[in-house]
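Fit chain B to the given chain A structure using the hints.
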Amino acid sequence: MKELAIVSGKGGTGKTSVTASFAALAGGRAVLADCDVDAADLHLILAPTVVERQPFRGGHEAVIRQADCIGCGACLAHCRFEAVRMAADPEDATAPPRFTVEPTACEGCGACVRFCPVQAIAFPERECGEWRRSETRFGPLLHAQLGVAAENSGKLVSLVRRQARRQAEATGRDLILSDGPPGIGCPVIAALTGATLALAITEPTVAGEHDLERLLALARHFRLPVLVSVNKWDLNPAMAAQIEAAARRAGARIAGRIRYDRAVTTAQIRAQAVVEGPETGCAQDIRQLWATVLEALNG
Amino acid sequence: MILAIASGKGGTGKTSVAVALAQAATGKVQYVDCDVEAPNGHLFLHPAITERREACLPVPAVDAARCTGCGECARFCQYNALAALGTNVLTFPELCHGCGGCAKLCPAGAIREVPRRIGVVESGQAGTVRVTQGRLDVGHPAAPPLIRAVKRQAGADGLAILDCPPGTACPVVAAVRGCDALLLVTEPTPFGRHDLTLAVALARGLRLPLAVAINRCDTGDRQTEAYCRAEGLPVLLRLPDDRRVAEAYSRGEGMLAARPEWARLFRQLPAAMATLGQGGAP
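As given, the protein sequences belong to chains A and B, one line each in that order.
Once you know that position 293 of the first sequence is 293 in this note's numbering, the rest is easy, because the numbers rise by one and skip nothing.
Once you know that position 89 of the second sequence is 89 in this note's numbering, the rest is easy, because the numbers rise by one and skip nothing.
In case anyone wonders, no lab produced these hints; they're calculated from the structure.
Note that the Cβ used here is the ideal one computed from N, Cα and C, for glycine as well.
Worth double-checking, as some hints may not be accurate.
Said to hold, decoys possible - Covered stretches of chain A (chain B as the covering partner; in silico rule of three or more C-beta atoms under 8 Å from a C-beta of chain B):
id, region
1, 65-76
2, 139-149
3, 182-194
4, 227-241
5, 276-282
Only chain A is shown next, with the shape it has when bound in the complex (with noise of 0.2 Å):
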């Protein structure tokens, strides 16, 4: 089983454009998977039928049971995530202070749980979204939705992972395609965790660069081999030469550059991929950087 993780660094440098061009070009033989579980945007491509939907539980949340609160403050001494917080009571100046959970601080610890005198404070499990098993005309996807303001993405991405594993197994596909976060934190770390290769898509930019440069860092940090792509290479040509010679320095292979092109908004309106669409120069380059990429893989 080979798995693909396209990642990037810096947010909106194409990410989302390539992986939706690569789903097209594997032709049915990859299992498809966006890990960025908190600005998902592949369906919007691949306009999913849903076939299976199931709640993400991830970790508990506090709430304290006005009726049993003694209004110690015991809660509000032991968060660390100012989490708690303190009101006077409304109806009775003289009374000991209300004290509740703010959910989207809480980052379920347990810690005021654990040392609330009364047993006040229940810990329920919290939903934190829900994942999905779709078929596409590309194939099967597996995508979720992180609640909006919820912990845990990367426990998310990892789930979407192994169910995107478990879906090629049972459909006899040996290729996984994910579509990862920007950034290098945890939903990051957990894409990228155990793939068998990293594609990097940058921009020409002292952003693209000084993000790509972090990236980089990281998957030597977990010794995953990376391919890089410079996306909109000649908007700055210079940039685009010098982001890859960095990128050689620090053990990436260059695997291609894909030129401007306004096409790709074009499709993306129209629900496409770029290279469903008329044959331009920038399909062009997409489908010699999926070339590069299988023989990548496959080497």
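Frame of chain A; chain B shown alone:
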């Protein structure tokens, strides 16, 4: 006033807008880079960093001589940062959120908290702009504690422009919490719009005053404007696609270097943001 700049989708122009806001402002202004996984504002502002602090998270260290192997700590930890194997307790500091519970509850007093570095917080001056930024160490998974440290170091002095990370998960929440108003930068494409709707839901959940900036407003389609109208979201800034701006950006120069006449648009924005209602209703 604390003005947060976020987007949902990456690459829509958050940093460009935040930098231009800071450069156009009159009076006391600071630029605070909360995108600690990919901090890019410094590439455009070039601050002279004069203050650098390590940001640490308190993580458990187990004294094997005192530990009785009772396993209370491992049962308590929600993040699996401690594992009890027989009479031995192993720690996995990269999973720890630093809640401190294990050290407090250990019946043998065998756990103390030790600082673990997660990144750095830096401050310095770039012309009239005070810059504070965080830089997450490569390999450390959790951005929120560092984002909180960046915001603490910056404080709320004058006009504070917070450049936030992409997405809608916990790093964004940590960045925007407590701001006075939130500006969502989007682009008029299906991806931009989809992620904008998620960011709007987040802002409304947190009851933040909200407005939208549409970058490259003359590309893509017209549906983002329609969405904002239908949702009652004020569009306070529309920036056209501009080759000169894109080229300047690629070299590490802000929008105002290429289009100095745009400064006026940015200068008036904080005052407009100050009059917004919660959730975007004007």
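Can you confirm whether chain B covers the region 65-76 of chain A, using C-beta to C-beta distances below 8 Å and requiring at least three such residues?
Violated, because only 0 residues of the region 65-76 of chain A bring their Cβ atoms closer than 8 Å to Cβ atoms of chain B.
Taking 8 Å as the C-beta cutoff, is the stated coverage of the region 139-149 of chain A by chain B satisfied by three or more residues?
holds (count 3)
Would you check chain B against the region 227-241 of chain A, counting CB to CB pairs closer than 8 Å, and say if three or more residues qualify?
As far as the region 227-241 of chain A goes, the hint holds, because 3 residues have Cβ atoms under 8 Å from chain B.
Cβ contact check, 8 Å cutoff: the region 276-282 of chain A against chain B, three residues minimum
As far as the region 276-282 of chain A goes, the hint is violated, because 0 residues have Cβ atoms under 8 Å from chain B.
At least three residues with a C-beta closer than 8 Å to a C-beta of chain B: is that true for the region 182-194 of chain A?
holds (count 8)
Violated hints for the displayed structure, listed by number in ascending order: 1, 5.
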